[in-house]
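Colleague: These protein sequence lines map, in sequence, to chains A and B. 1 is the number of the first residue of the first sequence in this note's numbering; add one for each residue after it. 934 is the number of the first residue of the second sequence in this note's numbering; add one for each residue after it.
In case anyone wonders, no lab produced these hints; they're calculated from the structure. Since this is a predicted model, take the numbers as computed values, not measurements. Among the hints, a few may not be true.
According to the in silico footprint, chain A covers these stretches of chain B (three or more CB under 8 Å from chain A) [what the hints assert, rightly or not]:
#	segment
1	1042–1052
2	1214–1226
Here's a subset of chain B near chain A, in silico, CB distances under 7 Å, partners left out [as the list claims (entries may be wrong)]:
#	residue
3	PRO938
4	LEU939
5	PRO940
6	SER1067
7	HIS1181
8	TYR1256
9	PRO1257
Cβ coordinates follow ideal geometry from the N, Cα and C atoms, glycine included.
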Amino acid sequence: MVPPREVSPHCPPRPPEDVLPRRKVPYLRCAFRQPRAQPLKRGQCDQGTEPVARGYRAERRSTCPRTYTLHPSVAEVPAVATASLQRLRPRGEQGPASGRAARLHPRSGMDPVLSAVRLSVQEAVHVLSSSEDGGHIFSTLGSLKRYLGETENPALPEEQEEFARIHFPTVLRCLVRRLRPGWLELLPNRQLEQLWASFFLTGPADQAFLVLMEAIEDVAGPSFRLMKMARLLARFLSTGRMAAVLEGQCRQQAEPAFPLLQATLLAKVVSLPDRLGNRLQRENLAEFLPQNYFPLLGEEVLRVLQGVVDSLRGGSDCSVSFLSQVLGKACVLGRQKEILGTLVPRLTVLTQSHCLWQRVCWRLVERVPDRAMEAVLTGLVEAAPGPRVLSRLLGNLVTKSKKAQFVMTRKLLLLRFSCTIPVLQSLLGYLAEDSQRRPLLVQALKELLETWGSSSAIRHTPLAQQSYISKATLICLAHLQEAELRDCRAELLASLMAGVKCRLDSSLPPVRRLGMIVAEVASARIHPEGPPLRFQYEEDDLTREMLALAAPWPVTDSPSEAGPPVAPIRGEAPDNETTASGGPQAQPEGSDSELDSDDEFVPYDMSGDTELKCGKAPAYVRDCVEALTASEDWERWEAALRALEGLVFRSPAATREVSVELAKVLLHLEEKTAVAGFEGLRQRALVAVTVTDPARVAEYLTAQFYALNYSLRQRMDILDVLALAAQELSWPGRLGKAQRTSLGPSPQPSSTAAPAWQAVVEERIQSKTRRFSKGSAGRGPAAVPNEFNAVAGYFFFPLIQRFDKPLVTFDLLGEDQLVLGRLAHTLGALVYLAENTSVAVPMGKALLEFVWVLRFHGDGYVRRGLLSAISAVLLSLPAERLLADLPDELLETRSWLADVAVKDPDEDCRLLAVKALLLLEKLRDKLLALSSP
Amino acid sequence: MADLPLPPPDPQFVLRGTQSAVHALHFCGGAQGQGCPLLLSGSLRGLVHIWSLQTRRVVATLDGHGGQCVTWLQTLPQGPQLLSQGRDLKLCLWDLAEGRNTVVDSVHLESVGFCRGSILAGGQSRWMLAVPGSGSDEVQILEMPSKTSVCSLKPEAGTRPGMPMCLQLWQANSSPRPLLLAGYEDGSVALWDVSEQKVCSRIACHTEPVMGLDVDSQKARGVSGSAEKVLAVWSVDEQQALQVRRTHQLTNPGIADIKIRPDRKILATAGWDHRVRVFLWQTMKPLAVLAFHSATVHCVAFAADSLLAAGSGDHRISIWSLYPHT
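One chain only, chain A, in its complex shape:
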């Protein structure tokens, strides 16, 4: 026996929950050791803490600089200690109460058999560590192999047991230590290597695993031994020994397992890829990559579960809590996809028929520690193909575990919004599947609707989350039955109505749209007797998706496993077919029997053959005004509207005579008949009038913007017209060209479509022609004076003057925030269009003040408008003027922008703020470049 070594007093402090209290270990050790022949000294008792330190060291190595290092010459001592530690936990085959039985067993006293084992092991270890004779080593190993019970004359069972319990790690460590290049070649034909490996692969798996991991981690750098050990570990994994490791932890059930060992084992099992990756660096083997290792771990878990099920059938108890911990830890590490990707499909099949499997599966999830519950549940919900499967896998977990309930009903629904729609459907479907869980679904609906309707949530949560909550609400509604909804109708309606109001007030169209859809569906479900709510919204992908989610779910017993029912759409299809086939039959008539040689008469495109409407267009602007105000002839009215823009551009002088009157007529014009493109026609006409007589019309329009008795629509039209007219004035022709080409058929025939041969010839000429100087190919638009210069003030200042003076019908700072947002955008556009004009600087100054007043506005749309206005100011004002005239404003703006860029809940706002900041940076660079030379 090697003399006991001194234990370093510098054991690092231990985490309280993982480790046994230090005092207890020696006590236990003494109690176990007392009947033994060799009396233990105090120091030896302390050896019992050695694995504690080791296990701890292994986990905390990176954080604790004062690591405890193992001296090679005394390595057996900790090995023995580990082995004796093994004795603290009863082995599976010892049955219940094995610890006590071992203590009271007569053989556990001064047994000659056991001391014989110890002696022979000591001798073998001595031979192994000193001898260089291959034959001798081989025979020694062979004699040790007897204790593993696989040779023809195995040792006695109690000898085997004693060897496995106490001496096996010692032998393994010795084998590891002897491993060096020449040693394995002492015998030919790799006999020694195979024998060497068989100790690791056939002995008790958990011991072998721990020793292997420890050996690999102790190797300093890449070396022969490291690679040998890594390959051996790979073999260990591929031969399914990991299942044996896990199984060993499942078998013990009578006494609580020694938690420290379990914790060590757990950590090593789960963090194997990390540890191996760290150690092997670039030489890492494919088996240890996480994407390969975790599926394998999943397979092994499944095999162990199979064993558990079998032994439960056999009537013996088993524990799956170690498996749960493995699962939990792997999921916490973010490996849900890999491990559950192999587990869930198999479990789906297995749980379908056997209720024993279901029970094992439920237990497996139940025993997951709370801190890992969220990771495991998220992974399971994502991996399960449907609510029914989820229900089989989880059972009534949500009613048993508070943590699970929190995760399923609050965290995944209200706090996170990363789940896809199928996942959300299977989650809510799971809640709806069982009558015990349905109250939770009702509760979830209440909370969802409350969040959906809270005005603060609408203002401060991103749009993606709002849409997620809306969808979840719709799915909940689809699952619930009328009776359940009736019980809490008042509460639901209250939150719904509050939410509808807040949402319809919002200035963001998607938020309004969500409000409309959810309100329609929810009111129809919650209050089916009442008059149905109907909103007008455009159909698009989102609406269709949401309405499909709202389709009621079959309550129970539908055999289909996954997905909502596909609504049968072919109700009318047969009718259509019959009419379609009936049509042509009516066609044939007494046609001429003469030969029809119309091959040469290929029809031309006749799509331009439309109804002609311009019969009654007035020819003068005044006639238009008269037709638009007084005419009861709707064709004339429409023709006048269509002709107006062209007339205005053709006769500017005549227009100027009636410009304000015309603007008034157009502003008050209502769509009396269904005219295609009415809004556009009216807007273009107004823009044309404004461009023709900018000063007076702009004055009129800006005055009307703050007048009484206009609808919000009209006020926003005014803003749009002003912006468009300013654009036309500042870049003449841009608007006009684009529009006139789109206006009806051009007067000239389509000579632009050159024949194909012409293009070919042109191309050939181009390629064969050598040009000596290329110059600019397309001449840019001709330079024209910026007509906006003279009139920018008429557009801008009346608009910005009175925004803070509320009217009876119009309160920009109150609830008409939509118009305020539009106003901010328009003002920004006006400043941008006033670039290079003399009035731009006072305009920019006024606009910055305007922004400063409103910078903390609660509405995202308004803030977007303000941010774009800032960008406009930065773009259009000359840099030196900015710095000379507005330095303080710039500084304040900058700090505000930096704040918005980080904290604003609206994504667009953040983006705009970042853009504005970039513009500021550019400005600074420009100034620095100017001043540096």
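The hints should help you fit chain B onto chain A, whose structure is shown.
Modeller: Okay, now just chain B, sitting in the frame of chain A:
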């Protein structure tokens, strides 16, 4: 074939310079005379322009209607003589031979309507002319060049078809008897036997006044268009009874003129909707919609070599070459 249809064609060329709306067009084949093909056009201001299709310029201008609209132009098969009908109640016969442009003869008309006349000339020196007569619903038949009134075709007492709107004299292949097709104001088309002065058959194929008709004498089939949205195709059987064969619906109402090409393959209509429509005559399959003019198209005409001309209220005459003879 999945190919996209060809885009609508452009006119081959456009004649400008009439300075008023074009109401009558007539091609004068280049077989005789100067040898080059001519196009005659009559304008709202009473001028007749003679265009050379080679130089595409006006060769001569005839002023014989006192500023009143020229509604009908027709050359005689024998010799270079031109008939022009104007709203000054005169029908002039011009001598165009050897560059002359003098009125040889004129006929006084009784009707102030827009009804165009029609001639039937079988190559002899004597030919037949149908013009609206003195009574509002009469058609007068004259023998030319003697200007003797042969007869006056008056509808029976009970029927009130209104004014004749368009006339077409016609001789069927089977019999030598001259026939007259007349479209009336009430939308009916009547077939008159001229020699017997009686209506052989009458069909009400439109509900609005018939504005134009043309007949394919070989197949005894004709087509008529009215102020409404429908073209009617009818045929004349052996008993000289009219029968509606089919109708064709149009996009916009109003047909001012209809012509079948001399080779009887296609027909063209002049529309009030500014468009010229081309159909396959055999099956009435629509072939093209020519949207070039910016005012009502008043008249269309086909040349012997398959050129198509259309005259419109926008003072322009467009010349098209569609599906030429092969």
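Colleague: For every hint, state whether the structure bears it out.
Modeller: Outcome of the hint check:
For the segment 1042–1052 of chain B, the stated coverage by chain A is not satisfied: 0 residues place a CB nearer than 8 Å to a CB of that chain, which falls below the threshold of 3. For the segment 1214–1226 of chain B, the stated coverage by chain A is satisfied: 9 residues place a CB nearer than 8 Å to a CB of that chain, which reaches the threshold of 3. The closest approach between the C-beta of PRO938 (chain B) and any C-beta of chain A is roughly 4 Å, which is under the 7 Å cut-off, so the hint is satisfied. Interface hint status for LEU939 (chain B): upheld, as the beta-carbon distance to the closest one in chain A is roughly 5 Å, under 7 Å.
A least Cβ separation of about 5 Å between PRO940 (chain B) and chain A falls short of the 7 Å threshold, and the interface hint therefore holds. Interface hint at SER1067 (chain B): violated, since its Cβ lies 35 Å from the closest Cβ of chain A, which is beyond the 7 Å cut-off. Checking HIS1181 (chain B) against chain A: minimum C-beta separation of about 12 Å lies over 7 Å; hint violated. A hinted interface residue such as TYR1256 (chain B) counts as satisfied when its beta carbon comes closer than 7 Å to some beta carbon of chain A; here the least separation is about 6 Å, so the hint holds.
Because the beta carbon of PRO1257 (chain B) sits about 10 Å from the nearest beta carbon in chain A, more than 7 Å, this interface hint is broken.
When the structure is compared with the earlier hints, violations turn up for hints 1, 6, 7 and 9 and for no others.
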